[in-house]
Amino acid sequence: MQKIIAWIDDRFPLTKVWNEHLAQYYAPKNFNFWYYFGSLALLVLVNQIVTGIFLTMNYKPDAALAFGSVQYIMYDVSWGWLIRYMHSVGASMFFIIIYLHMFRGLIYGSHKQPRELIWIFGTLIFVALMAEAFMGYLLPWGNMSYWGAQVIISLFTAIPVIGNGLAQWVRGDYVVSDATLNRFFAFHVIALPLVLVALVFVHLVALHKVGSNNPDGVEIKKKKDEKGIPLDGIPFHPYYTVKDIVGVTVFLMVFAAVIFFAPTLGGKFLEHDNFIPANILSTPLDIVPLWYFTPFYSMLRASTTDFTHGMLAIFTMLVAMLAFFTQRGFRAKFLSVAIAGVLLLGMYTLEAKLWGVILMGSSIVLIFFLPWLDRSPVKSIRYRGPLFKGAVIIFVLSFILLGYLGTKSPAAVDLFWFKNVLWAQGFTLLYLAFFVLMPWYTMIDKTKPVPERVTLK
Amino acid sequence: MNKIILSLLLGLLPIVSHAEQGLKLDHVRIDLSDQASLQRGARIFVNYCLSCHNAAYLRYNRMGHDLGISNQLVKQDLLFATNKIGDRMRAAMPAADAKKWFGVAPPDLTLEARYRGPDWIYTYMHSFYRDPKSFSGWNNTVFPHVAMPFVLYGWQGEQRAVFRNVKLVSHVMENGKAVTEVTEERVFSHFVLAKPGTMTPKQYDLAIRDLTNFMVYMGEPAKLERIRIGVYVLIFLAVFLVLAILLKKEYWKDVH
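Protein chains in written order, with this note's numbering: chain A, 1 to 457; chain B, 1 to 256.
Just so you know, the hints here were simulated from the structure itself, not pulled from any lab data.
Accuracy of the hints is not assured; some may be wrong.
Pairs of lysine-lysine residues, derived as BS3-like cross-links and limited to a Cα-Cα distance of at most 25 Å, are as follows [claimed, not checked]:
| no. | chain 1 | residue 1 | chain 2 | residue 2 |
| --- | --- | --- | --- | --- |
| 1 | B | LYS249 | A | LYS29 |
| 2 | A | LYS457 | B | LYS249 |
| 3 | A | LYS353 | A | LYS419 |
| 4 | B | LYS253 | A | LYS224 |
Model, not experiment: these values are computed from the prediction.
Let the sequences and hints guide you as you build the complete structure.
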């Protein structure tokens, strides 16, 4: 065995890679519950790729055959139902894990210096994952797949001048059709998975360059022993590999429980309207994306003319005033007025539909800027003040409620007093405010002293 | 601004009382382990539904295997449209003819229970009534103006639908003012059995329950199997979890 390894080491840095990334990669010893989701995300990525390969063996990317081939997998292929449920439930699980993983980064300040690039790569993974999920959802060619794609692609038409041409270019046709299905298949099974794997790779390379953050937000590399090993670090392998086995097992129990006992989760993970083939002549009563897109879908629908001319305009003016009075220097003052001016002009001249697209886009673009919006001197929420804690609570509630409202009709009243659309407008502003106002509230927030070393609870 | 305040106020009003909009569906008890019920349901489905509707994702031999019916018996009692037991369950009637005769081709029913839900199917099969104005002479309260004629009228008999007029109160905006509109609408009240069929209502309920049960099976033949396997998977994972926790504890003893 030694000889074989030596032979390989002469030709490939096997031992070096093993040591640098596992056996001698020192991770903080105080990881808690929230630190399971990174390895779980990797597990689900592998699950999606492996089950995806097996699905592709029987799936037919052809508008006339696609729906039937999925049913062939469900009815005739040995264990086909299991593979398909692992893939469809896996997609929802992927988003649950990624949302929790992102939340972890947010509350422990993992986006802050020196981990900005890890955060940006991670956000790119999130964007690629959304594209991957959206395109994958068209492939079963069910009626909800079809109309979901129809609605989302038609968002491009909101863009002035080039909108219609762009939407047509994306579809390859005047409506979602066989051409669309084929290109979505190509993107879903090869282009985007390659992008995802490459991004996950650089995400990890960047992580291993700077080292993991931890719930205390303490840089463990600042305190090393005489051998240069961080005092609060433990080798990833075996400590975190054995710990992650526990996390993986608990996750697999949840995953298996859904796959075997409620694979559609009452229409949440697989929609009822997707059990009939795509039909251009029959629109489902409510076209609703799957749950993981509903927060963003809610923001899209929240944008009405009343909203852009009212609440959104007022919000923009308030932020501009705040910037104007708190920024020093003529240039900054001028810029805040100019930007607000351009935005307001846009709000009163452009279509509300376009603003819906802009809002939805901004809600994701803002995530990229988090490292620079956050001005707090401390990383972890444990040592931050009430303003940040309150903002996080409001942000999480807004996100969850936007998700809930995204599954409901805008005109109905599902919370209390006001119509869903009004609630969605309010929560959209709170979501935006969490990011836009972050420089101010993180700067004035009272922080607690951060300990020298990590704490174990 | 007035508009905003007004719409806020309108939002505060109690939600418009929609008089019985959306029919209430009857609940049907589904039991996929009741093999006798599934077999009876299969017989009804193959004898009646399969004349016009496909169930093309399911094969005869798969159905026989899952329902405990021998290939011999399937061939003898259930194989009408084909003579190959490995065939998919296709309608006896050609789809092109069906489209000519009914205006639409009858939809494939393999996944109907997953699309509509068992309660819908159960209620639908109870809701046909005589309607001389309709094309087929039948209408349905669950699926108004459905093209399908009532195939099982010999069993259930002929129903007559009784309607009543109700006042519908709605609040609408007109020229920036909130206006309360009262309209009258004809809504379905109940059925009267005008001409009894060969079955008593109780027997008919049971027959439709069997049929619905079978259609739920048909929507996902692997369902019972997946639940059975799922129990073992979870037991395995639970045992594995205990070992994983012990392993982790052992390794982490020296981390302080």
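We went through each hint and held it up to the structure:
no.	hint	in the structure
1	LYS249(B) / LYS29(A)	14 Å, holds
2	LYS457(A) / LYS249(B)	16 Å, holds
3	LYS353(A) / LYS419(A)	19 Å, holds
4	LYS253(B) / LYS224(A)	22 Å, holds
Checked against the numbered hints listed earlier, the structure breaks none of them; every hint is satisfied.
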